[in-house]
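Student: Same order as they appear, the protein sequences are chains H and U. For reference, each letter of the first sequence is one residue, going 12 to 125 in our numbering. For reference, each letter of the second sequence is one residue, going 106 to 216 in our numbering.
Simulated from the structure, these hints should not be mistaken for lab results. All the pointers check out, no bait thrown in.
Quick look at which bits of chain U chain H covers, simulated, 3 or more residues with Cβ under 8 Å:
hint	region
1	142-155
2	201-215
Straight-line C-alpha distance at most 25 Å; calculated DMTMM-like pairs for lysine to aspartate or glutamate:
hint	chain 1	residue 1	chain 2	residue 2
3	H	K47	U	D131
4	H	K62	U	E204
5	H	K47	U	E204
6	H	K70	U	E204
7	H	K47	U	E163
8	H	K68	U	E204
9	H	K81	U	E204
10	U	K112	U	D131
Pairwise CB distance ranges (calculated):
hint	chain 1	residue 1	chain 2	residue 2	range
11	U	V216	H	V61	42 to 52 Å
12	U	Q146	H	K67	20 to 30 Å
13	U	C118	H	T122	25 to 35 Å
14	H	G27	U	E159	45 to 55 Å
15	H	S41	U	C118	38 to 48 Å
The structure presented is a predicted model; accordingly, all values stated were derived computationally and were not measured. Backbone N, C-alpha and C define an ideal beta-carbon position, used for all residues, glycine too.
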Amino acid sequence: GQQVMQIPQYQHVQEGEDFTTYCNSSTTLSNIQWYKQRPGGHPVFLIQLVKSGEVKKQKRLTFQFGEAKKNSSLHITATQTTDVGTYFCAGPGAGGTSYGKLTFGQGTILTVHP
Amino acid sequence: SAVISQKPSRDICQRGTSLTIQCQVDSQVTMMFWYRQQPGQSLTLIATANQGSEATYESGFVIDKFPISRPNLTFSTLTVSNMSPEDSSIYLCSVVWSEAFFGQGTRLTVV
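Full structure from sequences and hints, please.
Tutor: Pasting the structure below:
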């Protein structure tokens, strides 16, 4: 079945440093979504990428979708303690007929040291 | 957007018992999704709950262990049956309108 691999599993940074997490899929994705889960919270949608080579920015966050639509990245510039949490990428679920099914990457747990 | 109320938020249960988790959505949706998130892990889809038909389960999940009800377009329940410590996880319900919205999660500990 479809898999979405995400690295690294953990990342510890000093406040002000940059952070990047990467996702790779075994198959071409129609779209990829990114979610953030704060400690003790539930996943919250950040963004969706659809087009090959697409780049989107949200303040200090930059999201990229690869040309082949098999990989994606999330880059945070100058991390802050409020960025702490787990970042997940998610692609459409296998089996495809049930709209809305998602296959999540393993997530990257970001710790920011003040 | 969607507002999802999920309860209970947490519970500690004895092994061998069952727990029913409820999700209420503030608007009608065709499909609701139930996920499990084991400690420190990613989200794994358990099943898709459709109103008026049986839920569709993902590989590794069976109806006898995780029965689901979907009595109307705004409500669903997931039961975790005959629990063991391995069932200790966060259980999340979700609906999708271009993006996924999640309930607050149920943090289940089985002792």
